[in-house]
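> In case you want the letters, here they are:
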Amino acid sequence: MTTQAQVHSAEHVHRDDLGARLGMWLFLFTELILFGGMFLVYSVYRFSHPQEFHIAAKELNTIVGTFNTMILLTSSLTMVLSIAAIQRDNKKLSIFFQFLTILLAVFFMVNKFFEWSVKFHHGIYPGSETLLNEKSGDILFFGLYYVMTGLHGLHVLVGIVIIAVMMRFTSKGIVTHDNYIKLENTGLYWHLVDIIWIFLFPLFYLIT
Amino acid sequence: MNEKNVQSEQSEHSHGFGIYILVWLGLLALTGLTVAAAGLDIGRFTVATALIIASAKAYLVLTIFMHLRSESKTFKIFVIVALFFLAISFILLFADYSF
Numbered sequence: 003m004t005t006q007a008q009v010h011s012a013e014h015v016h017r018d019d020l021g022a023r024l025g026m027w028l029f030l031f032t033e034l035i036l037f038g039g040m041f042l043v044y045s046v047y048r049f050s051h052p053q054e055f056h057i058a059a060k061e062l063n064t065i066v067g068t069f070n071t072m073i074l075l076t077s078s079l080t081m082v083l084s085i086a087a088i089q090r091d092n093k094k095l096s097i098f099f100q101f102l103t104i105l106l107a108v109f110f111m112v113n114k115f116f117e118w119s120v121k122f123h124h125g126i127y128p129g130s131e132t133l134l135n136e137k138s139g140d141i142l143f144f145g146l147y148y149v150m151t152g153l154h155g156l157h158v159l160v161g162i163v164i165i166a167v168m169m170r171f172t173s174k175g176i177v178t179h180d181n182y183i184k185l186e187n188t189g190l191y192w193h194l195v196d197i198i199w200i201f202l203f204p205l206f207y208l209i210t
Numbered sequence: 020m021n022e023k024n025v026q027s028e029q030s031e032h033s034h035g036f037g038i039y040i041l042v043w044l045g046l047l048a049l050t051g052l053t054v055a056a057a058g059l060d061i062g063r064f065t066v067a068t069a070l071i072i073a074s075a076k077a078y079l080v081l082t083i084f085m086h087l088r089s090e091s092k093t094f095k096i097f098v099i100v101a102l103f104f105l106a107i108s109f110i111l112l113f114a115d116y117s118f
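Line order of the protein sequences matches chains A and B.
Using the numbering used here, the letters of the first sequence map in sequence onto residues 3 to 210.
Using the numbering used here, the letters of the second sequence map in sequence onto residues 20 to 118.
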């Protein structure tokens, strides 16, 4: 009890890194259920419209998809390296890696922008006349494609903002080599976004 | 020595840069593999292959990048329980759907 009281005394700012990480994981589980629900819908419709999903997926550009997968995997590497750098008390290197992560995330979104633009140009977007004249399997495939990659893209955008805040925290000395839980939780979020893409990529781009 | 103590109090997540780069290379290799495997004509095994490779990639990210390997048992149990419930929803759904 005494030791507990000492920890909470005015001289010590209460800190619970383990609790913070556990809280982050609990949040990630809600994300898992959010995307998991969509994967459930995907699997049902793919099961009921296998041939149409198969053909509709040919519209997607596998090369762009593969390239984006590699970009996101690399951004996960730079994210974890920024944590390794701050653990070694190398502030500049950590900020550099965080910057690289943002850069790669922006690249990912730029690719996504061009990918969607081409689709829109071909008249393939939710509720478009071209799409509504197709079979219901095609409508479902592209509906799911836009919702799932769209929600994933939204997560990437949010990630960019959070990592930018972390860059500022690191340079201001709020994130330091002996207090980097904020950066670590940002990393956890970023890797989850990566894992979701790891499953989205083969299920949408590689079923031709 | 003192610094090491502080480090281990916070967490024991200090891996070398090397293992991260190794895992990253592994992830890129698996991506290449899944793209190559999609080109093969193996019928209904295509989905299974893609999902197995994706799971292997997710496992690498979870254990190394997300430091689950060096977390306490509580974290591992939490993740397993979460995945278990996701699996239940898939299994029950398809138990209903495929018959």
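In short, the hints are calculated from the structure, not lab data.
By construction, the Cβ of each residue, glycine as well, lies at the ideal position given by its N, Cα and C atoms.
Careful, some of the hints might be misleading.
Cβ-to-Cβ under 10 Å is the rule here; a few derived chain B residues that face chain A [stated by the list, open to error]: (1) L49; (2) T50; (3) G51; (4) I61; (5) I72; (6) T93; (7) V100; (8) A114.
> Please go over all the hints and tell whether each is borne out by the structure.
Evaluation of the provided hints:
A distance limit of 10 Å between C-beta atoms decides the matter here; for L49(B) the minimum to chain A is near 9 Å, and the interface restraint holds. Among the interface hints, the one on T50(B) holds; its C-beta lies about 5 Å from the nearest C-beta in chain A, closer than the 10 Å criterion. A hinted interface residue such as G51(B) counts as satisfied when its beta carbon comes closer than 10 Å to some beta carbon of chain A; here the least separation is about 8 Å, so the hint holds. With 10 Å as the threshold, the beta carbon of I61(B) stays out of range of chain A, its nearest partner Cβ sitting at about 12 Å, so the hint is violated.
For I72(B), the interface hint holds, since its Cβ comes within 10 Å of a Cβ in chain A; the closest pair sits about 7 Å apart. For the restraint placing T93(B) at the interface with chain A, the shortest Cβ-Cβ distance is roughly 7 Å, inside the 10 Å limit, so the hint holds. The criterion of a C-beta within 10 Å of any C-beta in chain A is met by V100(B), whose closest approach is roughly 9 Å, and the hint holds. Using the Cβ-Cβ criterion of 10 Å, the hint placing A114(B) at the interface with chain A is not satisfied: the shortest such distance is roughly 13 Å.
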